[in-house]
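Student: Sequences listed follow chains V and P, in order. One rule links them: number in our numbering = place in the first sequence (from 1) + 133. No gaps in the numbering here: position 27 of the second sequence is 26 in our numbering, and each next residue is one more.
Think of the hints as simulated: they come from the structure by calculation, not from any bench. Any given hint could turn out to be false.
[To be verified] Derived CB-CB ranges, DEER-like: (1) P:Glu-76 with V:Leu-384: 48 to 56 Å; (2) V:Thr-138 with P:Ala-147: 42 to 50 Å; (3) V:Leu-419 with P:Lys-1: 52 to 60 Å; (4) P:Gln-52 with V:Lys-171: 31 to 39 Å.
[To be verified] In silico DSS-like cross-links for lysine-lysine, where the CA-CA straight-line distance does not exceed 30 Å: (5) V:Lys-283 with P:Lys-82; (6) P:Lys-93 with V:Lys-171; (7) V:Lys-172 with P:Lys-82; (8) V:Lys-291 with P:Lys-82; (9) V:Lys-163 with P:Lys-1.
[As the list claims (entries may be wrong)] Covered stretches of chain P (chain V as the covering partner; in silico rule of three or more C-beta atoms under 8 Å from a C-beta of chain V): (10) 61-68; (11) 74-86; (12) 114-127.
Please read all numbers here as calculations on a predicted model, not as lab measurements. The beta-carbon is built from N, C-alpha and C at its ideal position, and this holds for glycine as well.
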Amino acid sequence: MQLSTRHLLGIKDLTPQDIQLILDTATQFKEVLQRPVKKVPSLRDVTIVNLFYENSTRTRISFELAEKRLSADTINFAASGSSVSKGETLLDTVNNILSMKVDMVVMRHSASGAPHFLAQHIPAAIVNAGDGINEHPTQGLLDAFSMREKTGKLEGLKVAIIGDIMHSRVAMSNIYLLKKMGAEVMVAGPPTLIPKYIQEAFDIRVEYNLKKALAWCDVANVLRIQLERQNQVLFSSLREYSLAYGINKKLLDSLNKEIVIMHPGPINRGVEIDSDAADSNQSIILQQVENGVAVRMAVLYLLAGGRDENN
Amino acid sequence: MKIILDSYQLHLTIQRLAHQLIESHTDFENTVFIGIQPRGILLSDKIVDHIRQLYPQQKIQYGKLDITFYRDDIRKELHVANKTDIPFSIENRKVVLIDDVLYTGRTIRAALDAINDFGRPAKVELCVLVDRRFSRQLPIQPDFCGKAIDSLISQKVKVEWEKGEVVLY
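Model the full structure from these sequences, guided by the hints.
Tutor: Rendered as C-alpha cells:
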C-alpha cells in the first residue's frame, strides 16, 4: 500500500487510487486531531524543512502543525531574511539545507515548476505547497476532502469554481482532482479571467453568468481575486467585479436549493464574497482550514513511509 | 495446514474468554473493552456481544483502536489505517485490550503507546485468542488466552472467521 509517486508535485501526477488513499488516511488523522493528545509518533525519525519563497499564513501554519502532530522535526525557512537576498540560488540553498540531513522538503515558490525542477536534482521527497500559477495540490486535496465530508461523495458532484481561474493554482489542482474522481466541474467568472480553450482542454463547463453557475452547482468554490498577480487590467474595478461576480446572502437565498460555499482563503471580504455569505452556515470555509491539517498529515505520512531502502 | 480450533472449539473458547473476563471483573462499572483493528475487533465484537447477552442491564463500554500510526516499521512498510473509535474516557479505568493472535508483541507495544494518548488507565490487561508461545520480541504476555500454541517463524496463524476456524499453515 503506497502512493505511486515519491513527491507530491501536483494532482496531475496522481492516480485516482492515490487520491482515494490520501483522503481515506486523512479521515483517520482527523480522528487523531480530536483526541486529548493530538499527536502520533509516526514520523519521529523524519526531518522536514518548510521552504517558503512566497508569503503564506494558512498553508505554512497548517504544514507546520501537520508535521508536529506527526512528531517530525521541522525547520522553517522564509526567503526574506535569508541568504537568498545575497544571491544564493534555489538549488544551492536546498543542497545546503539537505547536507544537514533533512528528509523532506515542503516548498512554496512564485515560479511555476520550481518544485519540479528541484525534484530532478535532489534526493529528498518534495511536497509542493503552491508553485506560481501551476498547482497547489494539498489545497486541492483538502477541498476534495471537505466536499466529500460535507456531501458524502465526489463522483457526480457538481462543483463550480468561481472567480480568477487564470491566475489560480487552486483552480488547477481542483480541476485535475475533481475530474479524476468523477465530479462534474464548471468554471465561472469574467471572460478575461478564464483561459481560452480551458473547456476543450479539461472537458469542463464554462459559464460567464454567476447566477446560472450557482443554480447549476452543488458546491461553489469561490477563489480570491489575486491582486498581486494582476499586471494588466482584466476588469475595470473591484467594485464592478463585486457587483457582477460577488457572492452574497441575498443571491444564495434566491436559489431554490442550499449550496455549499467554499473559499481557499485569504478572503477579500466584499470583493469575491460578502461577509453575510462567508460567515453563513452554508459556508465551510473554516472546516476547510481544519481539514487542511489532517490532509497534510496524510500526504507527509504516505510520502515518508515505506521507502527506507536500507531495510 | 493444521486446524488449531474448529468452529465448535472456537465458539467454546470465545465463551470461556467472556466468562473469564466476567469472573475477574465482576461488574463492568470501571472496565472498558478495546478491540485492536483490523482483525482483533472480529474477536472483541463476539466477546462483548456475549457479555452483553449475559448482562443485558449492564452498560458495557466498548471501543476500537487502530495502531497503524504507532507502528515501529512505518519507514519499511505502510499499512492501511482503520477507524479508531473510543467514545469514552479511559482515565483511571481498567482497559482490556483484545486481539486475535499474539505473536511478536509489537502490535501490543504500539497499542500501549496509543492508549496512553487517550489518558492514563488504572490498569491494562490483554486478552487474545491465540498465543504463539516462545516467539515474543518484547516482554509482553497475555492475561487471558484462548489457546497457546507452538509454531515456527515460517508458519502463519490465521483466524478464518467465515469458516469459524483457526488454522496454522
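Student: Against this structure, judge whether each hint is valid.
Tutor: Comparing the hints with the structure gives:
1. P:Glu-76 with V:Leu-384: 48 to 56 Å: This hint holds: roughly 51 Å between Cβ atoms.
2. V:Thr-138 with P:Ala-147: 42 to 50 Å: 45 Å, holds
3. V:Leu-419 with P:Lys-1: 52 to 60 Å: This hint holds: roughly 57 Å between Cβ atoms.
4. P:Gln-52 with V:Lys-171: 31 to 39 Å: Taking Cβ atoms as reference, Gln-52 of chain P and Lys-171 of chain V lie about 37 Å apart, which means the hint holds.
5. V:Lys-283 with P:Lys-82: Within the cut-off at roughly 19 Å; holds.
6. P:Lys-93 with V:Lys-171: Measuring from Cα to Cα gives roughly 22 Å; hence the hint holds.
7. V:Lys-172 with P:Lys-82: Distance of about 16 Å is within 30 Å: holds.
8. V:Lys-291 with P:Lys-82: Answer holds: Lys-291 of chain V to Lys-82 of chain P is near 29 Å, not above 30 Å.
9. V:Lys-163 with P:Lys-1: Not satisfied, since the Cα-Cα distance of roughly 42 Å exceeds 30 Å.
10. 61-68: Holds, because 3 residues of the region 61-68 of chain P bring their Cβ atoms closer than 8 Å to Cβ atoms of chain V.
11. 74-86: With 11 residues closer than 8 Å to chain V, the region 74-86 of chain P meets the three-residue bar; holds.
12. 114-127: That given contact holds, which follows from 4 residues of the region 114-127 of chain P lying within Cβ reach (below 8 Å) of chain V.
Comparing the model with each earlier hint shows a violation of hint 9 alone; every other hint is respected.
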